[in-house]
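Given these sequences and hints, build the entire structure.
No gaps in the numbering here: position 37 of the sequence shown is 25 in the numbering used here, and each next residue is one more.
Quick caveat, the hints were computed from the structure, so don't treat them as lab data. Heads up, some of the hints might be wrong.
Quick list of in silico lysine to aspartate or glutamate cross-link-like pairs, EDC-like style, CA-CA up to 16 Å [said to hold, decoys possible]:
| no. | residue 1 | residue 2 |
| --- | --- | --- |
| 1 | Lys177 | Asp22 |
| 2 | Lys177 | Asp20 |
| 3 | Lys173 | Asp20 |
| 4 | Lys177 | Glu16 |
| 5 | Lys173 | Glu9 |
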Amino acid sequence: MSENTEGKSGSQTFTRAMIAEMLMKNFEKLPDSDQKLFMYGPLCVGGNAGFGGLIANSLYRRALNVQPARIASSLPMFVLPFLTTCALYQATVVTPLLTGDLDCPSCSLIRGALVGVVGGGLYPMVLALPLNFGLAVRYSTCLLPEKENLLRFCVDVSKPVFNKMRPVILIQAFFGAYLGSRHFKSYSKLTQITFRAEEEMQE
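What follows is the structure, encoded as structure tokens:
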């Protein structure tokens, strides 16, 4: 439990479970915009990651000259980053805030940025490479190397893709950081409502 949270509670010490229960009881007292931010924020981050997956998939398809199975490759490249990033943001930002385990504005911002970078930039690239390499092998769309040169080939193919993905990764980082900052502001409102109500009850 953070010192900041303990300070708001006055002389009485609350356990983490008590703080989490108090925060959830007062969640509905937040303005609608803040409630919607907590409910739909992870979906926004996940949606961005899904589009990042589509971009990574498109870049690797071009690099490997893959034309067939456009929809079959695009669907998992949107769904998997979307679901993974939603769950990751929920687990690292939203849930810790609503349980009182995250009481640091810069930590919330950094976590949001990291989720954006990993879920919306790096993870889609890691998914897209083997998926499209498998399609390239199946349909013989490009000249493939021998097994001993396979790693070098993947690195050479990925370098230009990574360079083109840099703006996408920066956007994901910025959006994740922004949303993490917004979530912490909403959390601050929730703590003020919660501990103000607790102080009034004690008086």
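- Task: Compare the distance between the alpha carbons of Lys177 and Glu16 with 16 Å, and conclude whether the hinted pair is satisfied.
- Result: holds (12 Å)
- Assess, step by step, whether the Cα of Lys177 is no farther than 16 Å from the Cα of Asp22, and give holds or violated. holds (9 Å)
- Query: Taking 16 Å as the top limit, are the C-alpha atoms of Lys173 and Asp20 close enough?
  - Reply: holds (14 Å)
- Query: Within a Cα-Cα threshold of 16 Å, do Lys177 and Asp20 meet the stated pairing?
  - Reply: With Cα atoms ~12 Å apart, Lys177 and Asp20 stay inside 16 Å; holds.
- Query: Are the Cα atoms of Lys173 and Glu9 separated by 16 Å or less?
  - Reply: Answer violated: Lys173 to Glu9 is near 19 Å, above 16 Å.
The earlier numbered hint that this structure contradicts is number 5, and it is the only one.
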